[in-house]
Amino acid sequence: MMTTTALHMPVSALQPESECIIRSLGDDDKTAQRLAQMGILPGTHLRIIRIAPLGGTIEVTSSQGQSFALRQQDVAAMTCDPVSMPLASELVIVGQTYRVRILLGGKTFLRRMEKKGLRAGELVQIQKIGVKPIPIYIVDMDKQIELGEGEAKKIIIEVISHGSLS
Amino acid sequence: MDLSAKPVTVALASIPNSGKTTLFNRFTGSSQSTGNWPGVSVEQKSGTFPLGEYNVTLIDLPGAYALSPVTEEEQVVRDYFLGSPPDIILNVLDARNLQRGLGLTLQMAVSGLPMVVAVNMMDEIRRQGITLDLQALIQHLGVPVIEISAKSGEGLPDLKEALYEVIKDPQKTRIPHISCPPLLEKAFFQITEAIDQSTIDTRLDHTFLAMRLLETENRGQWADNEKVAALTRKWQSRLKQSLHTSFPVACANCRFNAARGLAMEVLGEQSTIEDKLSRRLDHIFLHRFFGLPIFILLMFLLFQGVYSFGAPLQEILSVAFDKSGNWLSSQTMILSLPAWLQSFLFDGIWQGIAVVTSFLPIIALFFFFMSVIEDSGYMARVAFLMDRLMHTLGLDGKAFISILLGYGCNVPAVMGTRILSNSYSRILTMLLIPFTLCTARLQIFVFLTAIFFTPTMAPWIILSLYGCSFVAVILTGIVLKLFRIGGNPEPFIMEIPPYRFPTLRSIGLRSWYEMKDFLSRAATLIMAGVLLVWLLSHMPADVPPASAATWAGQLGQILAPVFQPLGIGWQETVALIFGFIAKEIVVGSLAVIYEGTDLAGLMSSHISPLQSISFMIFCLLYTPCVATIAAIWSESRSLKITLISLFSGLGVAWITSFVFYQSGLLLGFH
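First to last, the sequence lines map onto chains P and L. Quick note: the first sequence uses my numbering, first residue 1, plus one each step. Quick note: the second sequence uses my numbering, first residue 1001, plus one each step.
Excised from the complex, chain P in its bound form:
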């Protein structure tokens, strides 16, 4: 199993409802200093609220309940342990079990996923990356389903434990 101690949240993982815990503020001195002085320091839990309509900029809240805007690449440059991310991000490790946190989408989307057996709280594994449609294994139902990339992007999963970190 792939284990790393330092993870970056790639831009693809920086979607609404994604969360991570800052390990280090990154190399850009000015950005790091600015964040540090605002109290955004290693150990801070970041949650992405939304992406600006034109992209590139994201709104984030910190564990202290402070809301601020910054650019996607600045977050991507930090070392930030992922807590939750979309099912279709580069961070998802093949064979690892994740819990579905939330499905972002309208009622029709929820109903369609429900039919496939996917709802919040379900444990899932991704079986192969780089293929479309994406094969997903739903652990408790012992069932395999396939998801389109667009669908997978709307499914936010969370890491069950950080036990794999060495």
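Keep in mind the hints are simulated off the structure, nothing from the lab.
Derived DEER-like restraints, expressed as beta-carbon distance ranges:
hint : chain 1 : residue 1 : chain 2 : residue 2 : range
1    : P       : 110       : L       : 1183      : 52 to 62 Å
2    : P       : 102       : L       : 1639      : 49 to 59 Å
3    : L       : 1320      : P       : 55        : 49 to 59 Å
4    : P       : 55        : L       : 1196      : 49 to 59 Å
5    : P       : 12        : L       : 1478      : 23 to 33 Å
6    : P       : 55        : L       : 1474      : 13 to 23 Å
7    : P       : 12        : L       : 1127      : 36 to 46 Å
8    : P       : 120       : L       : 1269      : 22 to 32 Å
9    : P       : 120       : L       : 1193      : 54 to 64 Å
10   : P       : 128       : L       : 1177      : 53 to 63 Å
11   : L       : 1463      : P       : 110       : 45 to 55 Å
12   : L       : 1177      : P       : 102       : 39 to 49 Å
13   : L       : 1299      : P       : 65        : 25 to 35 Å
14   : L       : 1474      : P       : 65        : 33 to 43 Å
Note that beta-carbon positions come from the ideal geometry of N, C-alpha and C, so glycine has one too.
Given the structure of chain P, go ahead and fit chain L onto it with the hints provided.
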């Protein structure tokens, strides 16, 4: 003012969005004066108020997250503390998020200067059903802590009393200790010892000084003490090697560890709930699809608000000035004066006053609406929405509004750059605003296109000029960014504050001060510009004003070879010189120069349509009016920036008109 009152300086310091300015307005009322901090485009505000037998000067420091300088504002605050420590610090905390503000509070508490902490927005936190245990703060910080609401005025008498007590009996503050990793502590200790033994004489605590010395590469004002400086350098390189993070980040870590503990102690088991209203509003205003259309609609309303109310007011003022000017000039006392003096008084001075006054309604309205947008918290949302678009120029989204409002009038737009978060954005934006097609320029274009083009063609010409203006803004922005004018772009990390309902009081005050400020800062330069043009167009005294024989006419003829490749004759060149007062004057001065009533007929016989477009392009891009230049000067306080603005405008205008006219000729138009 009581002259026997003893002067006391109180510095008002807090992180941004803590309600500092509201408190400042509450205390100082109408006694405010504004200026710039030496050498930078950061606004300096101060005011006075009496407090018992003392006369307090309150200095509104720019919002800063820390005394370790990252932004220009923080540099200003740091230099202020080191250079001329105030008698007392008045620190404002936002009760809704104590931890965020306590970082700075702790840093200032270490300075050893007497301090009073005001915990603001108590009304809002109480609405959430939360009570704060401020006793914990008082014990840990060792300073008085007062609950207030700057917005409603609650707790202000208590705050004044606390300030009074501290002024009257400034006890040596017990300095809180912030624990740091041993290596840092050792560095602080050794440098503090060196300062103790040196001849350095300061009211600041020596440990505080040691921290400030360590965080800057340049040696600062205590560098003359070789021993301290050498030790600081030694520790700087040692810390660089041993710490995993940079020194300021390591210090921030210690500070916020302490702040977190302190905030938890004050809050107890309660937790501040996030502002539900803000969440809900953001759901609409920052919506993926509706966010931008709503923004565009609001901007449209803002634009309409400023200019549809402003234009009639300007009209009334201008009629009033004309009428009273006519009435005054018909008085026997005036008529007995020599003709040149009469002309100087009415075409020079009176005209100058009229120009200055004409801006007042627009400025008042502009800042009225601007304050609503800013105080409500929507401005931060605009910056978020438009960030991507402005990012290419190294600007943040707030600059978009400034540039957009330039399409109404450049002068308040330049003044509005003050709200931008860093010096780079301010300078770049104020250099770009002059390329926006303001309504005064629009008047010239409407007039000229009506003469030279058919009614179906004219709107397209004007639309193309708008396009030309957009392109000029973007290209100039890219070039200015390339040449690093205004320094380096700052990282974009912006707090998104909760929405608040703006108070009429603070909005009114803001508009009032901006008008006052405009009069005191820009008026003289505008007057000087108007009088200069009067001189050019009325001297020598024995020729008809504005004719070919005047200095302006002669200048126009001297400059003719420069403008000939653009297809602009000397008559239009003179009009361009007049356009420096205000672009509205261009058409009127053309009438004087052509010395005829049928201006349209005369012009169309002199100028070809191609030449007229070339003239309009030049009008669009060249140096904006003297009022804009005055505003750029008063905002930037930099001769370099003002000159760059002046000459980049002329340069861009000349090149664009040249390329346009010459290629027009090549294509067979004439």
